[in-house]
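Novice: Sequences listed follow chains A and B, in order.
The letter at position 195 of the first sequence is residue 225 when you use the working numbering, and the numbering goes up by one with no holes.
The letter at position 191 of the second sequence is residue 221 when you use the working numbering, and the numbering goes up by one with no holes.
Any given hint could be a false lead.
Calculated pairs, PhoX-like style, for lysine-lysine (alpha carbon to alpha carbon, straight line, at most 20 angstroms) [what the hints assert, rightly or not]:
id, chain 1, residue 1, chain 2, residue 2
1, A, 91, B, 203
2, A, 203, B, 91
3, B, 203, A, 203
To be clear, the hints were calculated from the coordinates, so they are not data collected in a lab.
The chain contents come next:
Protein chains: 2
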Amino acid sequence: MPSSQASTQSALAHAVRAQARAGTLSGHTAGLAPDLVQGNLMILPAEHASDFLLFCQRNPKPCPLLGVSAPGEVSFPELGHEIDIRTDVPRYRVWRDGALVEECADVRHVWRDDLVSFVIGCSFSFEQALMDAGVPLRHVAQGRNVAMYRTQVPTISAGRFHGPLVVSMRPMKAADAIRAVQITSRFPSVHGAPVHLGDPSLIGIRDLSQPDYGDAVDVMPDEIPVFWACGVTPQAVVQAAGVPFSITHAPGSMLVTDLANVSLASL
Amino acid sequence: MPSSQASTQSALAHAVRAQARAGTLSGHTAGLAPDLVQGNLMILPAEHASDFLLFCQRNPKPCPLLGVSAPGEVSFPELGHEIDIRTDVPRYRVWRDGALVEECADVRHVWRDDLVSFVIGCSFSFEQALMDAGVPLRHVAQGRNVAMYRTQVPTISAGRFHGPLVVSMRPMKAADAIRAVQITSRFPSVHGAPVHLGDPSLIGIRDLSQPDYGDAVDVMPDEIPVFWACGVTPQAVVQAAGVPFSITHAPGSMLVTDLANVSLASL
């Protein structure tokens, strides 16, 4: 984009983060700064960070890393100007031994110098590219969260981190599904191409009307369900591993970065 | 490819065409010079050529043009060294008023100075790319012709040329279907990305076991049928139009060009 437009976008991202930091924004970030990359957040003690990094390296489709901090570091200069990862996400979740213990607007009160922050690509970026290309997304049209499912497809384990792949599902007409493969293939850093399409039972999903996360949406007779690897996968894996302490974003409440979605396109 | 390899390939193409010209090769070209582009052939009187050119322009997925001659011209320097389009295809079909009247090894005896030759991309090129990427093709494994079907999807008409899209079908596991969309999208000049996948009835195909052209192949329970626009479309359209005179290649007996398949890749 032109540099004036880029600086406007960057200013928008900065404004969203400033609102989150000030506590005046505490909800979803969907639709805020739609041209900018938003990220899933996972914060872990350093003793677990190297295994988690390896897990992400081995499972790049559900865990596309946009950035990893040094232990204790709260800024992310490669993702945005003056980010403070302790305050700039609108809503956080704090986990102890795999259980949710607190949802809060900032995490300065639980911050430790050994914490490593992982920012992981999210489907908002490729959804914007799909909509820009005229591919309709039912959950967006219906104002619902995307439907997500635990599959019987295993991830590749790393240390204590293991578990099934979680996927998101978007129903599409076949021509749109083909177009969606083309478009999302250009965005490997935000989950990339679908991992499956068609018969849900082939990946261990019994009933599309019963998602494990998010909201069910209808699949019309002339549509095919299309499945993408989902950023809930690393969260589910970390919680299942019973890591003594971790922090994540609250669902839908992402880190808004200064990066333009288009900057992630591989082609 | 390195220039020494390119010249070896070009020599191979030249040898295949020389055999066709000498009458010592009169069968299929599938598997001959697999790294080189092969083309469907359509030869029409000049009075119909401009409408046919427009038809191809309007329907690029079934009719991807690799080359068009001037009226009466028999060489195709952009497609190969010393091509004579009247002799260098192993087997031709001559059509009058939409009916097949002759199958022959060369067409010098019916050549006219007003004939325009169209060379149209063929799926051999993308099938090679699929197999190189490890995507299995059942009809190849079973030594059959690909299954082809008339659909209820209309082409965009041009002059007297109109009719339904003909598609080829290849059954694949979902992950291979996704990979096949990626791979064939790189080859827009040889039919490109699929036009449909999944439920055949949505494009007007009633029974996959009853193809209109070629041979049926099994679709396994864990597979999805994937459909590509097919080069039989322009042949069917020209025959249905009852053009007084035309010449085509015989099925599977293509023009072998000097172009490497990889040279067609758009990315």
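Novice: Does each hint fit the structure? Answer for all of them.
Specialist: The hints, checked one at a time:
1. 91/A to 203/B: Holds, at roughly 19 angstroms.
2. 203/A to 91/B: Roughly 19 angstroms separates the two Cα atoms, so the pair holds.
3. 203/B to 203/A: Judged against 20 angstroms, a Cα distance of about 18 angstroms means the pair holds.
The structure agrees with every numbered hint stated previously.
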